[in-house]
Structures are given as C-alpha cells and as structure tokens.
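Residue numbers (my numbering), protein chains in the order written: chain B, 1 to 329; chain H, 1001 to 1323.
Just so you know, these hints were derived from the structure itself, not from any lab.
Where chain B lies over chain H, by a calculated footprint (3+ residues, C-beta under 8 Å):
{"hint": "1", "region": "1088-1096"}
{"hint": "2", "region": "1107-1115"}
{"hint": "3", "region": "1128-1141"}
{"hint": "4", "region": "1151-1165"}
{"hint": "5", "region": "1298-1310"}
Residues from chain H that keep clear of chain B, each with C-beta distances beyond 12 Å, as calculated:
{"hint": "6", "residue": "V1004"}
{"hint": "7", "residue": "D1182"}
{"hint": "8", "residue": "I1188"}
{"hint": "9", "residue": "I1197"}
{"hint": "10", "residue": "A1201"}
{"hint": "11", "residue": "E1208"}
{"hint": "12", "residue": "A1209"}
{"hint": "13", "residue": "A1215"}
{"hint": "14", "residue": "H1245"}
{"hint": "15", "residue": "T1246"}
{"hint": "16", "residue": "E1256"}
{"hint": "17", "residue": "I1268"}
{"hint": "18", "residue": "G1270"}
{"hint": "19", "residue": "A1275"}
{"hint": "20", "residue": "I1281"}
{"hint": "21", "residue": "D1290"}
What you are looking at is a predicted structure, and each value in this text was computed from that prediction instead of being measured.
Even glycine gets a Cβ: it sits at the ideal position worked out from N, Cα and C.
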Amino acid sequence: MPKLSYLKALNRAIGDEMDRDGAVCVFGEDVGVAVTHATAGLLKRFGPDRVLDTPISEQAFTGFATGAALAGLRPLIEFQIPALLFLVFEQIANQAHKFSLMTGGQTRVPVTYLLPGSGSRESWAGQHSDHPYSLFAHVGVKTVVPATPSDAYGLLATAIRDDDPVVVFAPSGALGVREDLDFDRLVPVPLGVGRIHRSGSDVTVVAVGHLVHDALAVAEELAGSVSVEVFDPRSLFPFDWSGLAASLERTGRLVVVDDSNRSCGIGAEIVATAAEEMRLIAPPRRVTRPDGAVLPFARALDLACQPTRAQLRTAVEQAVNGHPSRSAE
Amino acid sequence: MADVPSAALYRTVALIRGFEQRAIELVRSGVVLGGIHPYTGQEAIAAGTCAVLRPEDVITSTHRGHGHVLAKGADPARMMAELAGRTTGLNQGRGGSMHAADFGVGVLGANAIVGAGVPIAAGAAWAFRRAGSDRVAVGYFGDGAVSQGVVLETFNLAALWRVPVVLVCENNGFATSMRTADTVAGSILGRAAAFGIPARAVDGTDPEAVLDATAEAVARARAGGGPTLLECTTYRFDAHHTWEHTARPRYRTDAEVAAGRTRDPLEIQGARIPAAARAAIDAELGSLLDHAVRYARTGPHPDPATALDHLYATGLRGRAGAR
Ligand SMILES: Cc1ncc(C[n+]2csc(CCOP(=O)(O)OP(=O)(O)O)c2C)c(N)n1
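If we strip away everything but chain H, and leave its shape as in the complex, we get:
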C-alpha cells in the first residue's frame, strides 16, 4: 500500500467527483443525452481498487461506471466526449455513459445489464491464467446484482476453476429505490462463503482501506489463489440516475442522505494530504476538466450514414422508403 501515495488516491477521487459534477451540468444543459448514473460518494472504491491494478489488468464495469473507467486510466476528455456522443469519444459515440470502454487501458466496458459484466471479467481472467500470465481482472457490481443468477453461477465457476478475478461488490444500500435488506436474503459475504471464496467486508468510503483489501485480493489472484469477494460498503450521495431529479421518487429522507454524506471519500482522503498539495491537485483537475468539457462540446457528431459501422449488418440502404 505504501507505494501508492495518498495524494495519488486523492487525485483519482477528486477527478471522478469533478468529472461527474461537470457531466451532470452537461446533462442539465442538454449536451449529454440519456442522463447518467452518478457515482458521487462511491469514488473510494474505484480509486482504491484501480490503484492496485497494472495497465494490462482488466476490469468490467456497471451502469454506474464513470469512476471505474476514469480510475483505470481512460482519458477524461475522451470519456466526456463519449457521454456527449461525439466521434472523439472513447467509443466514437457508439457507447455512451453506460457502455464506456477503453481496451487500451484495460476497460472491457461498462455494462447496462445488472450483473452481466461479472462473467465477462471472470472469463477474461480465466483466459489470462490459461495463457500463463499473472494478469488479473476485476468485476464490479452492485448489491442489486447479487440477486442475478448469472452472478452466482459465475461465483461457482470462478471458485471451481480458481480464476484470478476480484469480485468487487459496491454495496451502496440501494438497488434503485429498493433497500439492500429488502432485496438480499442472508448476506452478501455469505454468498461467497457458500462457494468457498475468501471474502472481506471493506469500508468503501475509505480509499486506503479499499486499496489494502484489493492489494491482498490481487496478490492472491496473481499467485494462483483464485477469486476474492470484497463487499465495499458505501453510500450513494446523489440520485440513482439524473432522471430522478425530475421524477423525485421518495425512497429515503433528506436526513438520511445528509447522514450518509458525512462519510465523504473526498474529505477522508483530502484530510490525509497537506492542504497545499490538495489545492494544487484541485487546481490541476479544474483546468483538466474544463478542457474535457470543451473537448466534448466541440467534437464532431457522427455521420448518420455510419450508424451501423463496426457491426456485421446489412446496412442502412435497401430499406423501403430509404434513399
């Protein structure tokens, strides 16, 4: 752990926080269509886990994926351009917020189907081990995903075949409006125990605690010890999705949110570094993110004639009424 400086962890947390604040502004102003699932409050998990990973390790992410993608090293400007649907985006505007992918830095894609990325991470990790390398994969998923059959099937396969995958459950207390206690029978750690997978409860608001736990899990994976489950407890400060600000479903009180916000990864990690260092990072990120917004806003929109590029498809021509 000592070899990841506290300041670097702070910078990742602050980068994600700042990126999303700007993304939310761009949702409000209509530049980013479709909205986003804010990661605000959960940044410690992405920052702490990805700090342990090497560039050639891979992750699969979720619908709430900006934090993971940025922490793994994707360019914030190209990420913002992807949210804005520009050709300059990570996925040339074909993926958007819920599918952001950057194979160059090991991001095999955010995924909009709850739990779907978990077998994909495990399959990639299995292939690495089979090739004789010590690369690992991390599969992120929410507390809601532990009710998906495919996730539990993957636990079984990963344990059976000693797959070098770290299963990172981000328990933010909610699946949309449903409280974890109302959707998860038994416990999340108990699911790992049933498959013989080592598991740990982690303070998911503290980047250094997450980093420690991940370092242990990754070391086990690289050494051939198979999967580990980390249940990172955290709290989602913001809406499930930016749409929520218009629909305003009531599933938690303002007082509860205020209490949750008192464990803020940005403040927890910020307090660990000198004020001057923090200010310098904030200033650097400010201009970096200003650039990202400009880059996203000014990137070209894709040509509609290329809508099916990259796909095996018969194409846009030849449909009755088309010219």
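Bound-form chain B, shown alone:
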C-alpha cells in the first residue's frame, strides 16, 4: 500500500478541493514555490489566478480574503508561522468570524486558514513555536488540529468546504507522520467528531494533535497494567462532547494532554466540562505547557516546556491509582 505523509495529505486535500470547486483559491507567502510543501505543484496545476504569492502583508491579505469570500470565492490562506495569527487575529476573530451574526445572516465567510507547522519546531525559539488553537476555540472560530495524514486530508477538505472561517493547525510534531493507506479511501472528515485511536477501559486520555502519537506510545507502554483509551477530538471547536462523555462512561477517569499553555487552555476547558457534566470516578488531570510559557531557544529549555511522555505516564498512573492532593504534598 502507498505511504501518505501528513504534508502530502494537506497538499492533496488542497489540490482535490481546487479541482472540485473553481472558487477555491490559495493566498500566502511563497506559496508558488511551496516553501512549506503544503502547496507544492499547485501553481503549475492551477495557475497564478488561483495560487497567489502575496507580499508580506498578513493583515491586508487576510482582510482581502474576507472580501473575496463575500464576493463568492473560497480562499485558503497559508501562514508560514503560527505567531502570524496574532497579527491577523483582528481580521479573523473580529471580522471574518463576526460577519454572519452582525449582518443578521446575510452572509457567511468561507475562508480557511492553514498553519502547516504549528507548535514547537526544533529550536525555532520564542516567536515561532506557538500553538494558539485555544484562542480561536475561545472566540468560537472553528478550530481543527489533525493528528494523522488521513485526518489531515479529511479535516482540511471539510474546512475548505465549510461556509464559515476555519483555522487548521497542522502541528509540526505531526508533519513527519506517515500512514499506509489506499488513497481512494481519503474522504472528508466532519468537524466535531472525535476519533478513538485505541480502546481501553481504565482511563481516557484526550490528546490534541501530534500528542495523539505520544498518548498511543504511553498506552502501549502501560498495556500490561493500565487499559488506556486514546481519544482524539480532532476539532476543538466544535468539540465532540458526546464522544468524550461516552468514553468516560466506560472509563470514568480522564487525563488531557495538550501542547498549549495551561491557564485558559483547551485542556482546562475539557477538564471543566467533564467535571460539570460527565461521569468521573477520579479527579481529572491535565498535562500541558506551563502557565504563561514562551518557548525558549535552547533545546533542553524548549523541551522542558512541552508535555512529555513521562509526564503523561505519571498523570495516567495518578488518575488510576489516586494521587496526593496539593495540601498533602
């Protein structure tokens, strides 16, 4: 069977959607030569009318995409660096996202924002290592974090077809993942439907993005002693709350692993919602970046801020065996 890499999956999804719908066009810096590989070959295939190299003007071309969407196109914007989302938060969260409500339903804004390389890349330091998906989930922008090549294909295709703005975070930690599969089996994956990568009965690990692979490794390590279910929400807004509830009906224990800052992060939201509404027989745990982290340059420091397999393993064991409360520590 052919092997599909995560980046190639993103590339295929864009190409297939451009083939399917002439309204889809791509904006971004250096997309013509495809420096990130996600847009490889598209300029040659679809021409400069549909694959547009832009000047380094994120705010203008993100606003442009909103206008083009209002005029009937379905732009996909590629951002080279996740932190550029901070520059264009206005154009996404405050403009594109709000048009449907503010116009009383007169319009929708179908723009896809693709981040091929979100989160820590080996020692790319403070301004290139953010993973700001929680910000978008917080404001209610559809937010997607695929973990595998087939999900990257399926979720990106769905994002492009969606009539609302969707931000697609492709974690750099997942870009190297490859999958054996039949290309004919690549299909759109709906937003808001999680995926159980491994069934288990003792504890549910909710893993976001590339951390799915770490969660699977930890589950394997613990296989003799603890039965771990690995639940990948795939999209963070909408979130598959019923899928999580069903998993917790089986396991009753929850650990969340999320490569974003702890305070007000998606991990906190998952734990809080489970505590309010779902079956838990033990206190939930979360493994995240520290509060208020900015990833430092030196490799050891960078890694010290990211969730590790060892932390996840400890959290799983604590969830299953009970753990000392803070006051007792």
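Go by the hints and put chain H with the ligand onto chain B.
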C-alpha cells in the same frame, strides 16, 4: 456626470441629513441605544460617490456609515429599524448603527474597526476582476484610518494587483478629538503617490465635485486601470458620536464649527435646483422619514432565545445556571 440629475444628488444629501436628525432624536428618547456617529456635513461624499455606482458594485463603510448605506440604496425604514434593534432592521437587529449591511444593494457592511473595511473592499474588487466582470468596490475611511497599517498594506496590494477599488478618504479634519495635522505625517495624497496610485484632492462638501472625481476613478477601475485614491476634504458639523453631547470634550471652538458649517452640502446642492423642486423633495422625504421612524418604533424586538442565530456557536443552553 450630466446623467445624474442635480435633483437626485440633492435628494440623497437631504435624505441622509433628515435620517440622521431623526436618528439623533431617537437616541435622545432612548429608542436607539448605543448612540450614533453623525455624518452631518459630510453627505456630499456619500451622495456623490454612490451616484456613480451600479447596484451590483459594492462598498464597505465605516463607524460613520449611515450616509454610505443610504446613498447605496438601502431602505431608510429598515435602516432605522436596525438602529432601533428590531427584527425588521436590515440586519435583523444584529448589527446596529456601526454594522449596518445590505448585501442586496451592495453594502458589505459598515465597520467599527478603523480601517478594517478597506482590505475587504479591495478583496471583493479583486474577486470581481478575477471573475471577468467590470464591477468595482469603494472602500470608505477617515483621515484617522491612514495611520492604520492594514490600510497602507492594502494600498500596496491594490496597486500591485491593479484592483478595481476606489479608496475614498473622508478627511473631516478630526479623528475623534485629534486634528489631522497632529496624526498624519506628510500628506494623505503622498501615501497614494508612494504606491503609484493615482490620487486627487476633492472638495468633499460639493456633491457634484465628488461625483466628477468618482466617475473618473470608477471608469479607470472598470477599464482595468486599478485603484484610485480620492481625498475628500469636508467638515464634521456635529459631535464625533452622540455621547459627546454629554461628555462635552473641548477640541474645537464654536467659532470654528460655525465657520465649518458655512460650506453645507445641503445648501450647496439645494441652490442648484429650483426652489419648488427642492420643496417637493423635502416634503416627500418628510413623509418617508416619518414612516421610517414609525416603522422602526413598531418593529418587533428579537427573541432572546435567538441571540446566537446566524453564528456557529454551541448555543445558549447548557450553561450552568441556565434553564
Ligand atoms: C482600530 C481602531 N482604533 C480605535 C478605534 C476607536 N475610534 C473609533 S472612531 C475613531 C476616530 C476615527 O477617525 P477617522 O478615521 O478620521 O474617522 P471619523 O471619525 O473622523 O469619521 C476612533 C479612534 C476604533 N474603532 N478602531
């Protein structure tokens, strides 16, 4: 220019003036909440620019947007109902004064973030040209907006890609309390020159001067000549926002305002048509606006259960403490 009658331009100016007078009364009486940014004194710009546009051309507007929205052809009654937050409003009461939109007549929305509508207009115009049509877009913005990075980034993109957009700067002398000279280094026209965008200074108190300049800019855009910047000089007669009448910040003298008011678009255009024609238009607008006020006051208020309609959201249910 000759094909837009002077009387039609007068009617648009008078419609905007009359609409806003009534809107201000409704702010004072508590029917319109949140207040408005009056356009009084600047009507020549909306009237002159929109007179050139076809129904299928589009505009993006600003926080001071009533004039643009009305001049482009939105129904004054539905616009007033929008200000009053009724379901009968243009945006079903979801937008209000600063977000009034009417896609049916090409109004892609007023915008409450200074400068934010400019890239949106340019993006729409780019899409039109790409589709092979000769539709154009107008992006309105104030003198304050030329200090926004996104506006200057858009100048660059629009010029680079020969986008059929008319960039209309309404220089009313102030950004809230700040004088243009205190916020704009160099000149506004000079910004266009830096990007190779043809630009013109326009008397923004004279509807026919605005119309002439816009006609030239729109013709260039339709012919594939790219963007044009029009710097329309005008004066804001009234407050920055109706809140100002209570806060009374002092940033200009009464004498200065009185001097500014001597160039009144309503009088300039009114003097160009016979007195009887002017009186007939005034009478027609009087009853039209009376109807708009009645329509706005009597429209239904939205049902709170629909607060998140039109948005992708999880909904109002399911929050702790909600029933
Ligand atoms: C980006 C941004 N900054 C600040 C504000 C607050 N604000 C609203 S209107 C305004 C002044 C705008 O001046 P100008 O662009 O000249 O337009 P005018 O009000 O004179 O029509 C300011 C500062 C805002 N809405 N958006």
